[in-house]
Each structure stands twice: as structure tokens, then as C-alpha cells.
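Undergrad: Residue strings, one per chain:
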Amino acid sequence: DGGITQSPKYLFRKEGQNVTLSCEQNLNHDAMYWYRQDPGQGLRLIYYSQIVNDFQKGDIAEGYSVSREKKESFPLTVTSAQKNPTAFYLCASSIQEGAYEQYFGPGTRLTVT
Amino acid sequence: GQQLNQSPQSMFIQEGEDVSMNCTSSSIFNTWLWYKQDPGEGPVLLIALYKAGELTSNGRLTAQFGITRKDSFLNISASIPSDVGIYFCAGVHRDSNYQLIWGAGTKLIIKP
Chain A
1 DGGITQSPKY LFRKEGQNVT LSCEQNLNHD AMYWYRQDPG QGLRLIYYSQ IVNDFQKGDI
61 AEGYSVSREK KESFPLTVTS AQKNPTAFYL CASSIQEGAY EQYFGPGTRL TVT
Chain B
1001 GQQLNQSPQS MFIQEGEDVS MNCTSSSIFN TWLWYKQDPG EGPVLLIALY KAGELTSNGR
1061 LTAQFGITRK DSFLNISASI PSDVGIYFCA GVHRDSNYQL IWGAGTKLII KP
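Residue numbers (our numbering), protein chains in the order written: chain A, 1 to 113; chain B, 1001 to 1112.
None of these hints come from the bench; they were simulated from the model. Among these hints, one or two may not hold up.
In the DSSO-like style, the derived pairs of lysine-lysine whose C-alpha atoms are separated by at most 30 Å in a straight line are [said to hold, decoys possible]: (1) LYS83(A) <-> LYS14(A); (2) LYS1107(B) <-> LYS83(A); (3) LYS57(A) <-> LYS1070(B); (4) LYS1107(B) <-> LYS9(A).
From chain A, some residues computed to sit far from chain B (all C-beta separations above 12 Å) [stated by the list, open to error]: (5) ARG13; (6) LYS14; (7) GLN41; (8) GLN50; (9) GLY58; (10) ARG68; (11) GLU72; (12) SER73; (13) SER94; (14) GLU101; (15) PRO106.
Idealized CB from N, CA, C, for every residue including glycine.
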């Protein structure tokens, strides 16, 4: 079955620690995205990548970093510089740049205390 | 930046009722997408709309691309318990660099 996997489902960290969230897809999609979701709000774009070894900042990139070394993988690192990291993080992919239909993984809920 | 106004914010309905929600903007959009999110899960794409006036169905769901290109509507007929969740609209504006702009969601709750 093709799809997007995110792991872990729940993640707990102490303030001041960096943490990396995993996102893998076997849909052979070129484009991948990271969103943050807070209660009662829509999705906000953190970073996106249209092709391997290339990525762009979204609306709220500060305090986050990404890499895209493989087509299938787009990990997100939440750094200690992110002021309010506790949130639900969603990874998505689309066939290619300009293909608007995005398909989402199950999400990772990060809690930082 | 561009914003989408999604309404209502939440809806309490009886099982079997029809549901209507909408998404509006002050700007023209080229594409509208409707997603449903269950608690603790990622959004699932329901319907995609690409042309003004387009009306597309997916089972009991019907969505329309507004003729002005500034709005979109989602209707659910004969609601059932599994319809509970949050429905999001998302759109692509010509100035959004192909990225989706999201509404804040409509939470659908079925009265016991």
C-alpha cells in the first residue's frame, strides 16, 4: 500500500532539546510539505520541498530545519530556538510542484515541557 | 497574506440532517480543495475543484466552486455519525506560489 508514514505518533521532549520528526512516503511524489496545526486553527506551512536537495521556507520556518536527501524522506527538526514547539505536526506530499492535491500522513503530536 | 474565511466555525446537527458549510475570500482562487480531519489524524482529501461553477460529488458529499471564484461550498446530505470531524477548505491563489491557503475549519458534531 502506498502512503505517507510519520513517526512517532507521540513525542515528548524537554525544553532546550532539538527533536527530529520523521516523514516517509512511497507514493513516488516529488513534492513534500511540513505543516503545523494548533487547536482551532488551520494548517500553517513550515517548509516545503519540490525536489531532492532543495527546499523552501514556508510561513513559519523560524526555529525549524529540514533536509531532503532522498525523494522518499523529508525529516523536520524542531530546534530549541522554536519558542512554542508544542503542536501537532503534519507531513504531506503531492505528485509534483504545481499539483495542488496534497496527501497527508497521520501526524506527530509533539509535547515540549 | 491571503486568508480564507470558513463558516460556520462549528455545527451541531441531528443524524440524518443535511449540512452546508462554505469558504470565502476577498481574492480570486484557481483551485478549491475540501478535506476532512478526524481527531488525532491527518486530513483526508474529499473533493478537488478546478473550474468556476464546477459541481462535484463524492458519495453524500457535494462541493461547488463559486462562480465568482471567491468562494466554495460543501454540502453533506443525510449526515451519519462517521461524518463527525473537522472539515477544512484550502485554496490556491495565483499569488500563493502554488501553495495551499487553509481555512480554520468547520467542526461537525452530531447531537446524541
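Undergrad: The structure should be examined with respect to each hint, and the outcome stated for every one.
TA: Results for each hint:
no. : hint                    : verdict
1   : LYS83(A) <-> LYS14(A)   : holds (13 Å)
2   : LYS1107(B) <-> LYS83(A) : holds (28 Å)
3   : LYS57(A) <-> LYS1070(B) : holds (27 Å)
4   : LYS1107(B) <-> LYS9(A)  : holds (23 Å)
5   : ARG13                   : holds (19 Å)
6   : LYS14                   : holds (23 Å)
7   : GLN41                   : violated (6 Å)
8   : GLN50                   : violated (9 Å)
9   : GLY58                   : violated (7 Å)
10  : ARG68                   : holds (16 Å)
11  : GLU72                   : holds (17 Å)
12  : SER73                   : holds (17 Å)
13  : SER94                   : violated (9 Å)
14  : GLU101                  : violated (5 Å)
15  : PRO106                  : violated (5 Å)
Violated hints, in rising order: 7, 8, 9, 13, 14, 15; the structure is consistent with all others.
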